[in-house]
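Enquirer: One letter stands for each residue in the lines below.
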Amino acid sequence: AQSVTQPDIHITVSEGASLELRCNYSYGATPYLFWYVQSPGQGLQLLLKYFSGDTLVQGIKGFEAEFKRSQSSFNLRKPSVHWSDAAEYFCAVGESGGYNKLIFGAGTRLAVHP
Amino acid sequence: DAGVIQSPRHEVTEMGQEVTLRCKPISGHDYLFWYRQTMMRGLELLIYFNNNVPIDDSGMPEDRFSAKMPNASFSTLKIQPSEPRDSAVYFCASSPPSGRALYFGPGTRLTVL
Numbered sequence: 156a157q158s159v160t161q162p163d164i165h166i167t168v169s170e171g172a173s174l175e176l177r178c179n180y181s182y183g184a185t186p187y188l189f190w191y192v193q194s195p196g197q198g199l200q201l202l203l204k205y206f207s208g209d210t211l212v213q214g215i216k217g218f219e220a221e222f223k224r225s226q227s228s229f230n231l232r233k234p235s236v237h238w239s240d241a242a243e244y245f246c247a248v249g250e251s252g253g254y255n256k257l258i259f260g261a262g263t264r265l266a267v268h269p
Numbered sequence: 398d399a400g401v402i403q404s405p406r407h408e409v410t411e412m413g414q415e416v417t418l419r420c421k422p423i424s425g426h427d428y429l430f431w432y433r434q435t436m437m438r439g440l441e442l443l444i445y446f447n448n449n450v451p452i453d454d455s456g457m458p459e460d461r462f463s464a465k466m467p468n469a470s471f472s473t474l475k476i477q478p479s480e481p482r483d484s485a486v487y488f489c490a491s492s493p494p495s496g497r498a499l500y501f502g503p504g505t506r507l508t509v510l
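Order-wise, the sequence lines are chains A and B. When you read off a place in the first sequence, starting at 1, and then add 155, the result is the number in the numbering used here. When you read off a place in the second sequence, starting at 1, and then add 397, the result is the number in the numbering used here.
FYI, nobody ran anything at the bench for these hints, they're computed from the structure. Owing to the predicted nature of the structure, the values given are computational and were not obtained by experimental measurement. Heads up, a few of these hints could be off.
[As the list claims (entries may be wrong)] Stretch-level coverage of chain B by chain A, calculated; a stretch enters the list once three of its residues show a Cβ under 8 angstroms from a Cβ in chain A:
{"#": "1", "region": "435-443"}
{"#": "2", "region": "497-509"}
[To be verified] Within a straight-line C-alpha distance of at most 20 angstroms, the following computed DMTMM-like cross-link-like pairs (lysine to aspartate or glutamate) qualify:
{"#": "3", "chain 1": "A", "residue 1": "K216", "chain 2": "A", "residue 2": "E170"}
{"#": "4", "chain 1": "B", "residue 1": "K465", "chain 2": "B", "residue 2": "E415"}
{"#": "5", "chain 1": "A", "residue 1": "K216", "chain 2": "A", "residue 2": "D240"}
{"#": "6", "chain 1": "A", "residue 1": "K256", "chain 2": "B", "residue 2": "E441"}
{"#": "7", "chain 1": "B", "residue 1": "K475", "chain 2": "B", "residue 2": "E441"}
{"#": "8", "chain 1": "A", "residue 1": "K204", "chain 2": "A", "residue 2": "E170"}
{"#": "9", "chain 1": "A", "residue 1": "K256", "chain 2": "B", "residue 2": "D453"}
{"#": "10", "chain 1": "A", "residue 1": "K204", "chain 2": "A", "residue 2": "E221"}
{"#": "11", "chain 1": "A", "residue 1": "K256", "chain 2": "B", "residue 2": "D427"}
{"#": "12", "chain 1": "B", "residue 1": "K465", "chain 2": "B", "residue 2": "D453"}
{"#": "13", "chain 1": "A", "residue 1": "K204", "chain 2": "A", "residue 2": "E175"}
{"#": "14", "chain 1": "A", "residue 1": "K256", "chain 2": "B", "residue 2": "D454"}
Even for Gly, the Cβ is constructed at its ideal location relative to N, Cα and C.
Just need the whole structure built from these sequences, with the hints factored in.
Expert: Shown next as structure tokens:
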């Protein structure tokens, strides 16, 4: 069965530091991949998505992610974190190669120290 | 655009009572999804509709759960009777005809005592 693994439950970084959130997926073919962010008490907001083509994807709020087929990974990065980035981040994969039915990882909660 | 609208935002009820959650998708979107979020199980897809027709309800946990979409601008998720283990945040999301992105509502936090 398809799955998404986010190995880090909690991450704490200092404001201005770089950030990388890890995501690994299991799927035989090239999947549709997504990163969402959830602020406290809010719904999920799409940060970026990968469907095909360039493996480095740019998203909103200065985030980017890189698809690495050989590692089955889709890690999220940001060069300089802002205090407002503190939130929970979810990686998701489209089930069976689709993009409507998403399987979400357990999430990574990001804390930002001043 | 107002985004996906959900009501109520918070619901507290007693075990055995009927609960109805409501969702208004973004105008023009033809897919609608109901997700449930809990600490133990994370985000789970319960059911989704395309053009008001249920496509996949395999995630609906039990017969106590039912969902309807009578028209393109309204959907309900009903739990009858409710149980404490139904306590969770329920999200509605919609997607446009081109697909490729889900837009989530703010969620309804349900507490069953």
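Enquirer: Could you run down the list of hints and mark each one as holding or not?
Expert: Now for the hints, and whether the structure bears them out:
Closer than 8 angstroms: that is the beta-carbon criterion, and the region 435-443 of chain B has 3 residues meeting it against chain A, so the requirement of 3 holds. Given as covered by chain A, the region 497-509 of chain B passes the check, having 8 residues with a CB less than 8 angstroms from a CB of that chain where 3 are the minimum. Only pairs whose Cα atoms come within 20 angstroms are accepted, and A/K216 paired with A/E170 is accepted, the gap being roughly 15 angstroms. A threshold of 20 angstroms between alpha carbons decides the hint, and for B/K465 with B/E415 the separation of about 15 angstroms falls inside it, so the pair holds.
Pair hint A/K216 plus A/D240 holds up; C-alpha atoms about 9 angstroms apart against a cutoff of 20 angstroms. Proximity of A/K256 to B/E441 is assessed by CA-CA distance (about 10 angstroms); at most 20 angstroms being required, the pair is judged to hold. Simply put, B/K475 and B/E441 have alpha-carbon atoms about 16 angstroms apart, close enough for the 20 angstroms limit, and the pair holds. Distance restraint check for A/K204 and A/E170: the Cα-Cα separation of roughly 25 angstroms exceeds the 20 angstroms cut-off, and the hinted pair is therefore not satisfied.
A C-alpha spacing of about 9 angstroms is found between A/K256 and B/D453, which places the hinted pair at or below 20 angstroms, so the restraint holds. A distance of roughly 10 angstroms separates the Cα atoms of A/K204 and A/E221; the hinted pair therefore holds under the 20 angstroms criterion. A hinted pair counts as satisfied when its Cα atoms are at most 20 angstroms apart, and A/K256 with B/D427 qualifies at roughly 14 angstroms. Restraint check for B/K465 and B/D453: satisfied, since their Cα atoms lie roughly 12 angstroms apart, inside the 20 angstroms limit.
This hinted pair checks out: A/K204 and A/E175 have alpha carbons roughly 16 angstroms apart, not beyond 20 angstroms. A distance of roughly 11 angstroms separates the Cα atoms of A/K256 and B/D454; the hinted pair therefore holds under the 20 angstroms criterion.
In the structure shown, a violation is registered for the earlier hint numbered 8 alone.
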